[in-house]
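K.L.:
Let's have the full structure, built from the sequences with the hints guiding it.
The opening residue of the sequence shown carries number 299 in the working numbering; numbering runs sequentially from there.
It is worth saying that the hints were derived from the structure and are not from the lab.
Beta carbons are placed, not taken as given, at the ideal position from N, Cα and C, and that holds for glycine.
One or more of the hints may lead you astray.
Quick list of the computed label-pair ranges, beta carbon to beta carbon [said to hold, decoys possible]:
{"no.": "1", "residue 1": "Arg308", "residue 2": "Ala355", "range": "34 to 44 Å"}
{"no.": "2", "residue 1": "Val346", "residue 2": "Ser299", "range": "44 to 54 Å"}
{"no.": "3", "residue 1": "Tyr321", "residue 2": "Lys344", "range": "38 to 48 Å"}
{"no.": "4", "residue 1": "Gly312", "residue 2": "Met351", "range": "25 to 35 Å"}
{"no.": "5", "residue 1": "Gln309", "residue 2": "Ala355", "range": "35 to 45 Å"}
{"no.": "6", "residue 1": "Lys330", "residue 2": "Ile350", "range": "16 to 26 Å"}
{"no.": "7", "residue 1": "Cys341", "residue 2": "Met319", "range": "17 to 27 Å"}
{"no.": "8", "residue 1": "Arg349", "residue 2": "Thr313", "range": "21 to 31 Å"}
{"no.": "9", "residue 1": "Gly307", "residue 2": "Leu338", "range": "32 to 42 Å"}
{"no.": "10", "residue 1": "Pro353", "residue 2": "Glu324", "range": "12 to 22 Å"}
{"no.": "11", "residue 1": "His354", "residue 2": "Glu334", "range": "17 to 27 Å"}
{"no.": "12", "residue 1": "Glu324", "residue 2": "Val346", "range": "30 to 40 Å"}
{"no.": "13", "residue 1": "Lys310", "residue 2": "Met351", "range": "11 to 21 Å"}
{"no.": "14", "residue 1": "Thr345", "residue 2": "Glu322", "range": "13 to 23 Å"}
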Amino acid sequence: SIESVLQKGRQKKGTVPVVMMTYEAEEASVRKALAEIDALDICTDKTVKIRIMKPHAE
Numbered sequence: 299s300i301e302s303v304l305q306k307g308r309q310k311k312g313t314v315p316v317v318m319m320t321y322e323a324e325e326a327s328v329r330k331a332l333a334e335i336d337a338l339d340i341c342t343d344k345t346v347k348i349r350i351m352k353p354h355a356e
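P.N.:
Next comes the structure, spelled out in structure tokens:
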């Protein structure tokens, strides 16, 4: 499930990165979703995954 989406800038030609943050998800589900995004004709580069962990409550 997507928590937020960010896309800055706009170009007449070329590409603009899109950043998506998800709620906590299983690794296999994330990998599957990224593979499906990579297979889209509109994507010009491979996806990049950066894991963001919530800090532990003390």
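K.L.:
Each hint should be assessed against the structure and marked as holding or not.
P.N.:
Against the structure, the hints come out as follows:
1. As the Cβ distance of Arg308 to Ala355 is approximately 40 Å, the hint placing it in 34 to 44 Å holds.
2. Distance hint for Val346 and Ser299: a CB-CB separation of about 20 Å, inconsistent with the stated range 44 to 54 Å.
3. A hinted range of 38 to 48 Å for the beta carbons of Tyr321 and Lys344 is inconsistent with their spacing of about 23 Å.
4. Under the hint 25 to 35 Å, the C-beta atoms of Gly312 and Met351, about 33 Å apart, fit the expected range.
5. At roughly 42 Å, the beta-carbon separation of Gln309 and Ala355 lies within the given 35 to 45 Å, and the hint holds.
6. In this structure, Lys330 and Ile350 meet the distance hint of 16 to 26 Å, their C-beta atoms being roughly 19 Å apart.
7. Between Cys341 and Met319 the CB atoms are about 18 Å apart, so this pair conforms to the stated range of 17 to 27 Å.
8. The given range of 21 to 31 Å is respected by Arg349 and Thr313, whose C-beta atoms sit roughly 24 Å from each other.
9. Hint check: Gly307 to Leu338, Cβ distance near 20 Å, so the stated range 32 to 42 Å is violated.
10. At roughly 21 Å, the beta carbons of Pro353 and Glu324 sit within the given window of 12 to 22 Å.
11. Checked against the hint of 17 to 27 Å, the pair His354 and Glu334 fails, with Cβ atoms roughly 32 Å apart.
12. Between Glu324 and Val346 the Cβ separation comes to about 19 Å, which falls outside the hinted range of 30 to 40 Å.
13. Look at Lys310 against Met351: about 38 Å separates their beta carbons, and that is not inside 11 to 21 Å.
14. Distance hint for Thr345 and Glu322: a CB-CB separation of about 19 Å, consistent with the stated range 13 to 23 Å.
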